[in-house]
Every structure is written in structure tokens, then in C-alpha cells.
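Visitor: Now for the letters of each chain:
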Amino acid sequence: MPLRPFFFLCFLMLCGCALGAAAGDAPQAPAVPEKPHFPFPEFPAILYFEDFEGGESVLSVGKVEDAPAVPTAGTPVAPVAPPPGPPAAGGGKAYLLGSVSLTNMPDKTGSAAKLSLAQAKVRVPGGNRTNQIILHFAAYAEDPGDLQLTFDSKFNVRNPISATKKWIPLTVPFSEMIKLQPADVISEIQFLFVPRTGKAYVKVYIDDILITNGVSKPAETLVLARAARKRIKDIERTAAKDGFTFVPQNQELLRAAIAGRAHINKAKSVLVVGPCPPNTATLAKALTAAAAKAKLDGYTFTAAEAPDKSAVGGLDDMRRLLKHLLQKTLPQFVLLAPGYADAKCAGVPAESMRVVIERALAAGCIPLVSLPPLVKDLPQGDKTKIEGFVNAVSNAWLPKGITLVEASSVLNNGPAPLQDGELNQAGLEGVANVGVAAIKHLEMHLLLIRK
Amino acid sequence: MCLKRRNKLVAKGNLLYHRVENKGANLCRRGRRDEAVCTGRGQMCLPRSSWVRAVRRGVRPGPNACAVLCVLLASAAGANEVLVSEDFEKLDLSKLPEGWSVDQGGDLSIVSDPAKGKVLRIFHKGNGCPALVVKLDAAKVRGRTIRATVWGKCPGAYTPLPDQKGWPQLLLMCFDKAGAGNGMIGYVPPNTTDWRQLSTSHAVPADAQTVTVSLRILLVTADAYFDGLQVEVEGAPVPQPQPASPFSGQPAAATPLPPTAAAANAPTKMLEGDGIIFSPVIASAMHSFRKPGATERSFAVVGPGAPVKDLEGKPLETWTRVASGKDVTGIQAMPEGLLLSLPVFVTGNKPEVVIIVGETATGRKLSLANERFDWEDLAGICLRFGAVPVLAVPSQAANNDLRQAMLESARLANCPVMDLTMPGLVARRARQVLDLLEKHVFGRETPETAAKRAGTGPADE
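Which chain is which? The protein sequence lines are A and B, in order. Mapping the first sequence onto the working numbering, position 50 (from 1) lands on 50, and the numbers just tick up by one. Start counting at 1 in the second sequence, then tack on 1000, and there's your number in the working numbering.
Hint data in this document are derived by calculation from the structure and do not stem from the laboratory.
Chain A regions said to be covered by chain B (calculated; three or more residues, Cβ under 8 Å):
no.: 1; stretch: 300-308
no.: 2; stretch: 315-329
no.: 3; stretch: 341-355
No farther apart than 25 Å at their CA atoms in a straight line, the calculated lysine to any residue pairs in the SDA-like style are these:
no.: 4; chain 1: A; residue 1: K233; chain 2: A; residue 2: L254
no.: 5; chain 1: B; residue 1: K1135; chain 2: B; residue 2: A1178
no.: 6; chain 1: A; residue 1: K285; chain 2: A; residue 2: Q327
no.: 7; chain 1: A; residue 1: K385; chain 2: B; residue 2: K1090
no.: 8; chain 1: B; residue 1: K1165; chain 2: B; residue 2: G1126
no.: 9; chain 1: B; residue 1: K1165; chain 2: B; residue 2: P1189
no.: 10; chain 1: A; residue 1: K385; chain 2: B; residue 2: L1096
no.: 11; chain 1: A; residue 1: K383; chain 2: B; residue 2: G1117
no.: 12; chain 1: B; residue 1: K1118; chain 2: B; residue 2: V1082
no.: 13; chain 1: B; residue 1: K1326; chain 2: A; residue 2: A362
no.: 14; chain 1: A; residue 1: K328; chain 2: B; residue 2: E1336
no.: 15; chain 1: B; residue 1: K1090; chain 2: A; residue 2: E351
no.: 16; chain 1: B; residue 1: K1350; chain 2: A; residue 2: P277
no.: 17; chain 1: B; residue 1: K1116; chain 2: A; residue 2: N391
no.: 18; chain 1: A; residue 1: K328; chain 2: B; residue 2: A1323
no.: 19; chain 1: A; residue 1: K383; chain 2: B; residue 2: L1083
no.: 20; chain 1: A; residue 1: K93; chain 2: A; residue 2: D234
no.: 21; chain 1: B; residue 1: K1118; chain 2: A; residue 2: S394
no.: 22; chain 1: B; residue 1: K1118; chain 2: B; residue 2: Q1404
no.: 23; chain 1: B; residue 1: K1177; chain 2: B; residue 2: D1207
no.: 24; chain 1: B; residue 1: K1165; chain 2: B; residue 2: D1194
no.: 25; chain 1: B; residue 1: K1350; chain 2: A; residue 2: D308
no.: 26; chain 1: B; residue 1: K1365; chain 2: A; residue 2: A257
Positions of the beta carbon are idealized from the N, C-alpha and C atoms, including for glycine.
From just these sequences and the hints, can you work out the full model?
Guide: Put into C-alpha cells, the structure is as follows:
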């Protein structure tokens, strides 16, 4: 008899084990909510801002154009004068809605645009209270009509526009959509303008689209957003214009990637791995000379060297020896310059590059990747392969905040910079000049060392 | 086993074919040509390791493989001429190269595979024959043996139609003037979730007018994937003997073969059956990376699986084992750690051969994206400093994921492999690998051979 409770206990334990095992078979991890995206981390109240000054946007159907000129009261506008400064919407560019046919009104032509919030990584309301989320924008129409906003084909908000040829600020609180729940996520907003009279397409512009959370004074927020956007534009660098890339919004990712070990690395030290072993020392020397010229003080550029004192260079050596070299030299930066031979080789060199960059990041070292410059003298077949490599590396690593040195624009003006299929002295000096400029920029805007 | 039901076994040279009466095609079900394996006398047909075919047959394009290929072509050290090498990474089915074509193109697509990048997918609903066809230059291959290899998998089930050759398959076909064709098939069985290599070879008749290689699904409803198509001409002329290798550190033995020719004469060893992977291609590749300065007949055992009990002590009498410290063995020598310490170890100790042992324990979480790169780079480090790497892979039962990753790495690095399955045989396999390296990579006589030639050694092994 005393055994009965014991068996019952065993039975319960077995049931428990079985349930545990069943749970273990198919782990149901809770869905991790996506991190909210803030275009300006210093202003978390701004969830989205677009002033079209960059020329590109996540809107479709229409196109970015110069904003229409709005005559200032009392000032006559010369017939051939350029558009006078920023109009009421505040910028030189605006988005012109595209022409669409209206199925329910075949006699009229509408003007439309689609804003993809999913593409812009904006999650609204996304857990926020709907009465705190407000969409602000400015609209300009040449004829009166109704501007209808459709959120995810579910919710409609109508804004009549009576004043023509003027920028009109419009505000749409998300609370107007009664059935919208805080947990919902709107993925697309459609703008559709229907002219009140006439059949023809009416030119309608929108500008300064701003989505805020808990902002009471949108006009002030707009000023802040413009200032933040200008700051970003000021420190942003592009390969075409500057020879290297720097995307300020992505630097947080880079900081996070190196955070664990960055503190043990020696400040102002740069490890250099060139396109091929003989070029590594030349590149390091060129960098030292360029640093002196650019007044980048205190930096040491060390040419990578194998344990057997042989020179190191090229993608194969990077893969085999980078981990060892980083541990040995503990540099703050590593300049990785794969060569033309690496970019042209069979297989997937961009995948090898991934392995190398990940190893540098794991060692807490800031990688600067110098991509083989697309100079004029390259044969067409090689050019295609090299372009493929450059695009693959750029697409993979620019969004992660890695600075890419691409000296094509610098070298195109100089003499043919190739020798034995790789960059010659002049070519390496061109890369070094851009590389030093990149380090100087990173020092100020990534490491935040102000002089 | 050989299919005899509707096929007639015919002999042609050293090849045995099954002539399909109703189609007039000569087909060997296993695509084996060397040795009289396919005898049709009921003898046991061992499944050939698909991996070995990759190693044996050649070089998949990769950073190292490319260099190896160049060296091989340059030296013509028994290398086969590669006619087609396609990894599908950049192939656009709408803009195929000259001589390439697709049938029922709607069923073909290029898709991404986690293990192999871009691969060819053929998804067929049956009763047709969607195919990617590559037409070879007949003038180049006439009268010679060509070999086609491809990696294939078919994760789902399908019902094979053996009588009608209904499989997802690699087909090698030759047509004469009259349009009569004969050829060989390698096929992907159902439920093949892991990549396996299909390989088939065929002696192209001297009157062949058209020679094609196809990846296709014939008749059956199946979803098949292919990658790494390679076609090569076998039987390149044997290289002329060259002066003995200058880096051996000792005067060459009386009559050893020069290293390049020795590499070309290397035997092919397979993981299944032999417990090691070795081939002329591997021997040539290893030879091309040799550098002077290594201590002759010295080897080191490193890696997370080291030390290996059977290789401790002095099991390999004529070889000296270099002492391996804690930084290159055991838990500190996981690939990530070994990448830090191996360069110093190899340059400091200068072993001629480095056996890199994978761990048999399954405690470590493998990084699917990086594992094979790590092992390939470890082999690369050895080659960079003039040592020959040998990857010792754990058994399937002990750590299959790591075994597969290491095999893939060895394939890319083109280096020898040793199996740790059945621990009692490990020392013997190590001895066998070292002997093969000594003879076919370093171009030396093994002490046993030298003694035997002098009449003082033991009898045949």
C-alpha cells in the first residue's frame, strides 16, 4: 500500500518529462519584436522624415522634382527667373504625384503616390498610442480637389484642398482611423488627389513628410528634423564624390559590432594588408606619407608581415593570417585592400571578404575596405567581374557601417596606375590619400575625437 | 547491383556497358570505368564516395583551386583538360553562353542554397524532360574519354522509372553522323537531402559528331538541385620526367620519380573503403605549394581532436612527431583559436606534414556560415608556410556535421583526408597517408621501398 503514492508520483514525473520532451522537440521561441527605427536617434519623437532633397525616396508612382515656385506676396516674379529659393515647404525639391486613371470616375484623371513605410523600416503605430502618432506633410495643388490618404487599403482620410498654387500644411492624426489598433503596423500610405473640376491630370506636389510620436509642436519638430538631416548630409561621404563611403545612420551598428573588444586595441594604429605581398609595404609607406601631408598626427601604419617575416597580401593571405596578425598587432584600424586578381578569381570572393571583415570586427578592429578601383585601362571582361565584386561587397557592408575606400574617381584622372595586373606606386598613392581622408573622417565622426 | 533485366552487358575496351535494347544507348549504371568493377557477375558493388570523385576528378573553382588549376595546366602534370566548370553563381538562364541551351526552360531556375550558394533547380511535374544542355566541342573530345561530374540532391520523394531511365540525372551523350547516340547517366536517388556528387565518364567514339552533357529530369515528377558542373577530358599525356625536387634537403634517392610525374602516378584512395582521400590532383596541388626549409619526415598533430592516442608514442617509425603544445591541441585549438596559433607553430617547428584533427565531441555549436572557411583556412595556413595539411575527420557517428564541413573544406583546399572512424586503424591510415605524401608529393622513396630495392627490406606489405 505505501507504494501507491510512490507510483503516482512516478507517473506524474513521467508525464512532466514527456511534456518537457515534447516542448523540447519543437521549441516555440517567442517572436522577437523588431527594434523601432529612428531616422535621427537623437530625436526619438521623429519616426520618419522625408524632404526629398536627396533626390531618392521610398515613394513610388510619381517622381522627385524641383518644388514649384510660389510667388511672394507683393514681389513680381520675373518670367525667366529661376524658382525663388525654398518654397513654403522648405526645400528645393518636392514629390510630384503621378497620373493615374480612376476606375470609379472614368471621366477624371487622378494624381497619386505611394509611400512604403515597410521599405522605410517605419513601424507605426507599432505599439504606440494612435492619438500620439501624427502624419504631417505639405501639399501643393494647381487646381482644387480632394487629397485622399489610404492607409494599407483599409483606412481613408480625406483632405479637401481649396487653396491652389500654395503650400498647405496638412496634419493627419492616426487616431482619425477609429479601428486602427496600437499593435497594428501600417505598411503603406497612398496619396490620391482627385480634381474637383475638369478631367485633366492636375500637378500636385507633396513635401516634408513627417511622422511624429507625441509631438505637440510639429513646426518646431520640422525645423529640428531639417537640421538633423542637414547634419547627416554634411558628414555623409560617397564613393563617387569623396572616394570613400561614410553613412552616419549605420555607424551605430559598427560601434556595436566592435564594442566587445575595441578597448584593448592600440589607438591610432593601422594594420595594412595590400593587394599582393609586394604591394603591402609600398601601401603602408604611401599611407604614412599621405598622413603626414594630411596632418593626421600620431598614426602608425604597419605593413602586415607573416611569422616567417614574409610579406602578406591578397585575399588568401587575409583569410589565413588576419586573425593571427590582429592578435599580434592589436590595431585600431585594419586597411584591407583586396587586389584585382582576388576580385577576378573564380568562386565567390565577396564571401571570402565577408569572412575577413567578420574576423576583423570580432577582434574589435575597425575595418576599412579598399575596393579595387575601376580604372579606365581594365579589359571589359575583367571590369564586369570586378564590378560584381565591388557591388557585392558594397551591398553587404555599407548597411553595416563599414567604410569602403573606392579610389576610382581619384585615379581616373591620373596616369595608368597598373603594373603586373595590380596597382602601381601611383595607384597605391591614390588609394593612400583617400584612405587617410577616410581615417581622418572616421576619427572625427565614428570615434568622435574632436580637434 | 547491375541491372540485367532489359539490358545487355557489353564490353568495350576496359569499359563495361549495359546496352539498352530499346534505345540503343550504352549505359553503365555506376559510371565506373577503371578496374573491372561492373562485372555483372553478382559481385558486391561498393557505393563509391561521391566526395572522392570531386577530389579525384578535379578542382572546383575557388581561391585555392584556381591557383591549383593554373599550376596543373601549366605543368601538365597529369592534369585533365577542363572543358566546362560551372558553379551557377553567375549563370543567367536567359543569357546562356554559346553552345548552352535549355529545354522546357520554365521548369529550370537558379536558386540560392545555404551550403552552395547559387544552384540550378529543376522542378518538373512529370511526362517531359526539362534540361540544361551543354554542347561540347566534338573535335576536342573525339577519341578521348570525357568525364562529367556534378553535385546533386533531390530532397523530396519521387518514383523512379528505371526502365525508362526516369530520374533527375546527369547525362553524357555522343551522337554519330546517323544520329545514333550512346552515353552514360548518373542519377540522383529520391530523398537525397545531402549533396552528393554524380560522376560519369564515357569514351567518345572517333566518329562522334555531337557530344552533349545535360542536367535534366526525365519523365518523373521531382524537384532536383544541381551545382558544380564540371566536364573534363581524361588521359592527358604523361609529363616528361624533370629533375628531382630541389627542396628535399637531401640528395635524391637513386631512382625516385621526379615529383610532378610522381604526383601524376599517385593512386586514388577513397574515404569509403580506404579510410583516406588521396589522388593525383591532390598530390599535384600539394606539391605545388611545397617550400624549402621543412624538416624532412617530420609531422605534427594539431587541432581540437588532438592529441590522438594512436598517434602518440612512436607508431610511425621513420617519421618524427613534432611536439604540439596546448595552444595547438585540445580545447584551445578549436578552429577560431587555431587560426591564431597555427601560423606561429608551423613557422616555428617547420613540420613537413600537419595532421589537423577535428574534435569527436559534439559540444561545440558549429557556425554554419563559417565552419568550412575556418577549416579551409587552417589547411591554407599550412600550405602558406610549406607544410602539407591532412584533415582528420571525425566519424559520421561521432560528429557528422563537423565531418561534412571538414570534407567540404578539404575539397576546396584540395588536401588529403584521413578518417578517424574505427580508432584501431588510425595509425595505419596515418602511415598510409605519410607514405603516399613521401612518394608522390615529396618525390622520395619510402625507407621500405629503398630497403626492398636493396634486397634488405621486408617482403611486400
